[in-house]
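Peer 1: Heads up: the protein sequence lines correspond to chains A and B, in order. Under the working numbering, residue 354 is the last one in the first sequence; the count climbs by one each step, no gaps. Under the working numbering, residue 612 is the last one in the second sequence; the count climbs by one each step, no gaps.
Source of the hints: derived by calculation from the structure; they are not laboratory data. It is possible that part of the hints are untrue.
Subject to a maximum C-alpha distance of 30 Å in a straight line, what follows is the list of computed DSSO-like cross-link-like pairs (lysine-lysine) [unchecked claim]: (1) A/112 - B/426; (2) B/481 - B/426; (3) A/175 - B/481; (4) A/175 - B/503; (5) B/426 - A/274.
Here are some of the chain B residues that sit facing chain A, going by a computed Cβ distance under 7 Å [to be verified]: (6) 425; (7) 444; (8) 448; (9) 474; (10) 479; (11) 524; (12) 557; (13) 584; (14) 595; (15) 599; (16) 600; (17) 611.
Just a sample of chain B residues kept apart from chain A, beta carbon distances all over 10 Å, derived [as the list claims (entries may be wrong)]: (18) 371; (19) 390; (20) 407; (21) 451; (22) 521; (23) 540.
Remember, predicted model here, so these are calculated numbers, not experimental data. Built from N, CA and C at the ideal position, the CB exists for glycine as well.
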Amino acid sequence: MKPPVTHVGVIGWVKGNLFNGTLNSILSIATLYLLWKVVPPLIRWAFIDSVWHTTGKACKPAAGACWSVITENVRFIIFGFYPYDSQWRPLVAMLVLFGLLFYSQNRKHWKKHLVYVWIAGLFTMGLLMKGGLFGLSPVESTKWSGLPLTLLLSVFGLTAAYPLGVILALGRRSKMPGVKWLSVTYIEMIRGVPLISLLFMSAIIFPLFLPEGVTINKILRAQIAIILFTAAYIAEVVRGGLQAISLGQYEAAESMGLNFYQTMRLIILPQALKIVIPPTVSILISAFKDTSLVVIIALWDLLKTTQSVLANPEWMGFSPEAYLFVALLYFAGCFSMSGYSRKLERELSAGEQQ
Amino acid sequence: MKEQERRKMENGQSDNAMVEIIEMHKWFGEFHVLQGIDLNVQKGERIVICGPSGSGKSTLIRCINRLEEHQKGRIIVDGTELTNNIKNIEKIRAEVGMVFQHFNLFPHLTIIDNLTLGPLWVRKVPKAEAEETAMFYLEKVHIAEQARKYPGQLSGGQQQRVAIARSLCMKPKLMLFDEPTSALDPEMIKEVLDVMIELAREGMTMLVVTHEMGFAKSVAHRVLFMDFGQIVEANTPVEFFDNPQHDRTKLFLSQILH
Chain A
1 MKPPVTHVGV
11 IGWVKGNLFN
21 GTLNSILSIA
31 TLYLLWKVVP
41 PLIRWAFIDS
51 VWHTTGKACK
61 PAAGACWSVI
71 TENVRFIIFG
81 FYPYDSQWRP
91 LVAMLVLFGL
101 LFYSQNRKHW
111 KKHLVYVWIA
121 GLFTMGLLMK
131 GGLFGLSPVE
141 STKWSGLPLT
151 LLLSVFGLTA
161 AYPLGVILAL
171 GRRSKMPGVK
181 WLSVTYIEMI
191 RGVPLISLLF
201 MSAIIFPLFL
211 PEGVTINKIL
221 RAQIAIILFT
231 AAYIAEVVRG
241 GLQAISLGQY
251 EAAESMGLNF
261 YQTMRLIILP
271 QALKIVIPPT
281 VSILISAFKD
291 TSLVVIIALW
301 DLLKTTQSVL
311 ANPEWMGFSP
321 EAYLFVALLY
331 FAGCFSMSGY
341 SRKLERELSA
351 GEQQ
Chain B
355 MKEQERRKME
365 NGQSDNAMVE
375 IIEMHKWFGE
385 FHVLQGIDLN
395 VQKGERIVIC
405 GPSGSGKSTL
415 IRCINRLEEH
425 QKGRIIVDGT
435 ELTNNIKNIE
445 KIRAEVGMVF
455 QHFNLFPHLT
465 IIDNLTLGPL
475 WVRKVPKAEA
485 EETAMFYLEK
495 VHIAEQARKY
505 PGQLSGGQQQ
515 RVAIARSLCM
525 KPKLMLFDEP
535 TSALDPEMIK
545 EVLDVMIELA
555 REGMTMLVVT
565 HEMGFAKSVA
575 HRVLFMDFGQ
585 IVEANTPVEF
595 FDNPQHDRTK
605 LFLSQILH
């Protein structure tokens with residue numbers, strides 16, 4: 001018997017998938033019309049008619065996008081108030097961070113030496129940002145801004161919030177009433193308030209309680225607020241994962257004489273945390289984006305430096321271009337997180353399926 | 355067993371005792387699940403426990419490694435009394451192997467990692483030695499070629515044999531079996547029982563909750579019948595099956611032996 005001809009080739013595919021029935025044909029035509037209306041003008045605006053390297057004044061008459069708002073201001077958008085001559089330092093620090101993240105993503109490197117690699121990396125980054133040693137001029141942390149600040153807040157926020165969240169989840173399931181009660185109170189209180197109010201508290205109320213003369217760095221305070229906030233959400237997700245592990249796993253572990261920490265570390269958490277990778281990554285992604293809320297306590301993160309460029313009369317009115325650029329950076333961050341989580345899930349479930 | 359030994363055992367004074375349970379009670383909330391259990395298990399002795407569901411037989415053996423806590427009476431395992439002392443509990447658990455109805459292998463670890471986990475972390479055995487022991491016991495349960503697979507890739511019978519090997523890797527002094535064949539398809543029961551019989555021949559002390567009466571006849575020194583949280587009858591397999599004393603035992607036997 002011959003195979004049905006219509007299912008072969010491009011025409012066959014189009015017939016089978018786009019025009020199989022009246023409704024589908026109408027929807028296909030409508031979609032094609034919309035695409036024809038939107039895509040070519042967009043490409044025209046973004047690439048053909050766009051202006052890439054001029055002043056704001058020269059940009060005004062252009063019909064297309066004025067990418068000059070990015071190219072002319074890129075150093076301020078990325079590095080903010082960091083001293084112009086030293087901006088290579090945050091750049092190198094970010095490259096070190098990307099290098100560390102890239103190195104850590106391979107599970108083969110998840111060994112003890114990774115801790116030392118990170119300690120060395122953190123030290124290098126701190127030294128580069130802060131200066132004051134090896135002939136690097138000191139830079140006040142109030143001048144840290146732009147992308148390095150966003151990355152600082154998110155990377156440390158997320159890496160510190162995760163273990164804290166796991167501990168809180170275990171605490172909430174603890175048989176010790178004190179520990180359980182503390183964890184429940186913490187989680188419910190933090191989840192009951194918006195991140196903005198926590199940031200305000202850290203910026204305005206918290207310093208009032210400190211003894212005179214003692215100040216804690218504003219970035220650090222915001223960082224702590226982000227960590228505390230994110231941890232509460234991670235705790236609940238992890239608790240869900242813990243509940244999915246059958247009692248038999250605990251019993252099998254205990255019946256060989258493993259103690260509580262060994263049971264958790266070797267048996268329960270590896271399984272529970274794997275189950276909750278998708279919701280955990282959702283939380284991490286939204287926490288990453290939420291770091292932009294620090295503008296309200298006058299920290300100049302990536303979004304704020306971009307906005308301030310747009311406040312300059314010369315570049316006023318080019319916000320679509322500027323925000324597209326920022327969106328692209330955020331998207332790169334979020335997309336690599338979700339891509340990595342999918343890869344991790346795939347690797348961890350290899351061979352395990354029932 | 356010699357008469358003298360037997361008398362000693364019944365008095366609960368033998369130095370040869372692996373497990374001594376004295377007047378032990380347990381409640382689940384209001385439910386009095388174990389009502390005054392007295393039991394002595396000698397080193398090398400093999401006991402099969404049977405009885406209707408809900409009679410407390412699983413709970414009894416789960417008390418021996420403290421997966422369940424008893425509320426009254428005493429349990430002494432290998433000379434150590436079970437109390438709230440967590441160090442003692444962990445010590446006893448390391449000496450007592452347990453095989454579960456649903457295998458409870460660790461699905462995220464390969465077979466060999468399942469086997470070496472206990473020796474590595476509880477006994478602090480060097481890795482090479484732990485793996486050697488693991489392979490030895492995998493050979494013994496006829497499954498060495500599956501060492502690098504994950505539990506989910508094995509059949510139920512294979513998984514249960516791995517679970518037995520996992521317990522043996524800890525070199526236990528006592529093995530508890532909690533209905534080891536109840537969750538298996540009929541054609542896989544034999545392969546698991548064969549491994550258990552082999553183990554019995556080597557002199558392992560075993561407490562087995564099972565309804566496999568053929569197994570009880572061929573390897574048990576004593577068969578216990580439990581009902582309503584009490585040990586109703588305990589006897590040698592020959593006496594137990596041919597000449598049951600209590601009506602409840604007779605009824606139970608008539609139900610399971612058809």
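Peer 1: Flag every earlier hint the structure violates by its number, smallest first.
Peer 2: 1, 2, 3, 4, 5, 6, 9, 10, 12, 13, 14, 15, 16, 17, 21, 22
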